[in-house]
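Position one of the sequence shown corresponds to residue 4 (the numbering used here), numbered consecutively onward.
Hints may be right or wrong, so weigh each one.
Unchecked claim - Straight-line C-alpha distance at most 25 Å; calculated SDA-like pairs for lysine to any residue:
1. K453 to S248
2. K322 to L372
3. K322 to S248
4. K247 to L367
5. K247 to Y471
6. K453 to L339
7. K247 to R476
8. K247 to A413
9. K247 to E397
10. K247 to A472
11. K453 to R393
12. K247 to A402
13. K453 to Q360
14. K247 to Q360
15. K247 to Y225
Stated by the list, open to error - Label pairs and their in silico Cβ distance ranges:
16. L219 to A22: 12 to 22 Å
17. P353 to L219: 43 to 53 Å
18. P90 to D358: 41 to 51 Å
19. A409 to R35: 20 to 30 Å
20. L219 to E283: 39 to 49 Å
21. D352 to L222: 49 to 59 Å
22. I411 to Q360: 53 to 63 Å
23. T398 to L222: 39 to 49 Å
24. R34 to E406: 53 to 63 Å
FYI, nobody ran anything at the bench for these hints, they're computed from the structure. All residues carry an ideal CB built from backbone N, CA and C; glycine is no exception.
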Amino acid sequence: MTSSHATGRWIDDWRPEDAEFWEGGGRQVARRNLLWSIFAEHLGFSVWLIWSVSSAFLLQMGFAFSPQQLFVLVALPNLVGSLLRLPYTFAVPRFGGRNWTMISAGLLLVPTLLFAHFVQRPDTPFWVFCVIAATAGFGGGNFASSMANINFFYPAAQKGAALGLNAAGGNAGVSIIQLLLPVMIGGAGIFGLVTASEGGLHLQTAGYVYAGLAVLATLAAYLWMDNLTGATSKPREQLQVVRKSHTWIMAFLYIGTFGSFIGYSAAMPLLIKLNFWVPEPAPLGTGIYFAYYAFLGAGVGSVMRPLGGWLADRYGGAKVTLGAFTGMVVFTLAVLLTLMQLTPNPGADPAIASDNQSLFPWFLGFFLLIFASTGIGNGSTYKMIPAIWRREAETTTEAGTPERTAAISASTKQASAALGVIGAIGALGGFLIPIAFSSPWVDDPLSATKGAFVVFTAYYVVCALVTYAVYLRRPAPAAKLAIAGV
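Taking the hints into account, I'd like the entire structure generated from these sequences.
Here it is in structure tokens:
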């Protein structure tokens, strides 16, 4: 099955829709590639979101950045990561999935080593930190190439589960970095089970650890992953998907699902710190310590993503996506109502912070339900994309003909390209959400947070209406897709 085409490991004959081929060894090859793809993507997500939790420690390291500046450091990797997703998607057919995984994993050495060097230097200008934070976007690009690659390995009936598992393993990197970084650097974490080190904080440790893991991921891809000859195509062919209306409709929906997941994951540590904690009395302060809980949201969203893919395989992606957006509307309103009961604390009064603690369990609980909804929506929307392209190929050709076979093959390539385009646009939510929370035109952080949630709720309502109108309503412009169970 493996040949020496070009350089490295290439598979010339790959027929996942052929049951005999799949059971005769294809499944094992696909699983092996999925495993190491998840590992590399997981590291990419961790590096991408390393600033989401480390930014909350910078003041303790001697840096004098404002809350608005900290949110900018959190947002910049998401902006760069979203922009890189498109070229990363096109890199898979150009270089091969295995080869590009090696390259993209190796690129993670840039943000990790720069991070390790400069977090030890409090006199570093803010603009330098902006540049360093931007390089963490390399990790965000990994997702698009990984998903495009795995899409080629699995038959249509198993794409939802495979893509959901691949994405969930990557998404879990967000939760893992937020869980382990505080402990890794000598801070307290894990619900307070780990106490702060008497030797102080060492943020650089996280950078060195993830640099080492990036080297390991590069070697693993070299040894145990494969390229597919049939997955090659020209960028011009792939860019044809931008002419499809469904590409832009699904991108709009994906901003609501994945954009919310990554944006909330990036902002959650600072949201907890700014709204439920004050630094007095030193050294512990008063209120909720963010590092105890910040990782929970991303963890819940990651766990729920494969469930969303499984539900989409069983009931149809559009139905599950509509349910996810409905949940996001309800739970975002619940978070907003909780925030409206908080007492504003611009003066960082310990007494007010202590009183506001009683509302934190409600805030956290409703926020975790939002994360659960985004995770389900992430899985279901990604199931819809290959299903839409495959259905269009089936409606334009006769079953059992060479034209049908060619159309299905072309639809798989186009769906992979669409995954990258949609993923790139959707990831912009990871930039917009932290920026909305920072709102430099609003003096009170609490007011900025409440205003942002109002906007987010309205967006989710529109997403739910679009999902129903385009993919579920009968008759509708996409009635054939609704009938097909997309």
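Verification of the hints:
At roughly 33 Å between alpha-carbon atoms, K453 and S248 are farther apart than 25 Å, so this suggested pair is violated. A hinted pair counts as satisfied when its Cα atoms are at most 25 Å apart, and K322 with L372 qualifies at roughly 19 Å. Simply put, K322 and S248 have alpha-carbon atoms about 20 Å apart, close enough for the 25 Å limit, and the pair holds. Taking the CA atoms of K247 and L367, the gap is near 39 Å; set against the 25 Å cutoff, the hint is violated.
At roughly 19 Å between alpha-carbon atoms, K247 and Y471 fall within 25 Å of each other, so this suggested pair holds. As the CA atoms of K453 and L339 are separated by approximately 6 Å, the hinted pair is consistent with the 25 Å bound. The straight-line distance between the Cα atoms of K247 and R476 is roughly 20 Å, inside the 25 Å bound, and the hint therefore holds. Distance check on the hinted pair: K247 and A413 sit about 14 Å apart at the alpha-carbon level, within 25 Å; holds.
Our distance criterion of 25 Å between C-alpha atoms is met by K247 and E397, whose separation comes to about 16 Å. Annotation: proposed proximity of K247 to A472 holds, straight-line Cα distance about 17 Å (limit 25 Å). Straight-line distance between C-alpha atoms of K453 and R393 comes to about 42 Å, which puts the hinted pair past the 25 Å bound. This hinted pair checks out: K247 and A402 have alpha carbons roughly 24 Å apart, not beyond 25 Å.
Distance restraint check for K453 and Q360: the Cα-Cα separation of roughly 17 Å lies within the 25 Å cut-off, and the hinted pair is therefore satisfied. Simply put, K247 and Q360 have alpha-carbon atoms about 49 Å apart, too far for the 25 Å limit, and the pair is violated. A threshold of 25 Å between alpha carbons decides the hint, and for K247 with Y225 the separation of about 35 Å lies outside it, so the pair is violated. At roughly 36 Å, the beta-carbon separation of L219 and A22 lies outside the given 12 to 22 Å, and the hint is violated.
Evaluation of the 43 to 53 Å hint for P353 and L219 yields a pass: the beta carbon distance comes to about 45 Å. Distance hint check for P90 and D358: the Cβ-Cβ separation is about 50 Å, which falls inside the suggested range of 41 to 51 Å. A C-beta distance of roughly 28 Å is found between A409 and R35, which places it inside the suggested range of 20 to 30 Å. Here the CB-CB span from L219 to E283 is close to 43 Å, well matched to the stated 39 to 49 Å.
For D352 and L222, the hinted distance range of 49 to 59 Å is satisfied, since their beta carbons lie about 53 Å from each other. Roughly 57 Å separates the CB atoms of I411 and Q360, a value that falls within the hinted 53 to 63 Å. Taken as a hint, the range 39 to 49 Å holds for the pair T398 and L222, whose Cβ atoms sit roughly 45 Å apart. The hinted window of 53 to 63 Å between R34 and E406 is violated, with their beta carbons roughly 32 Å apart.
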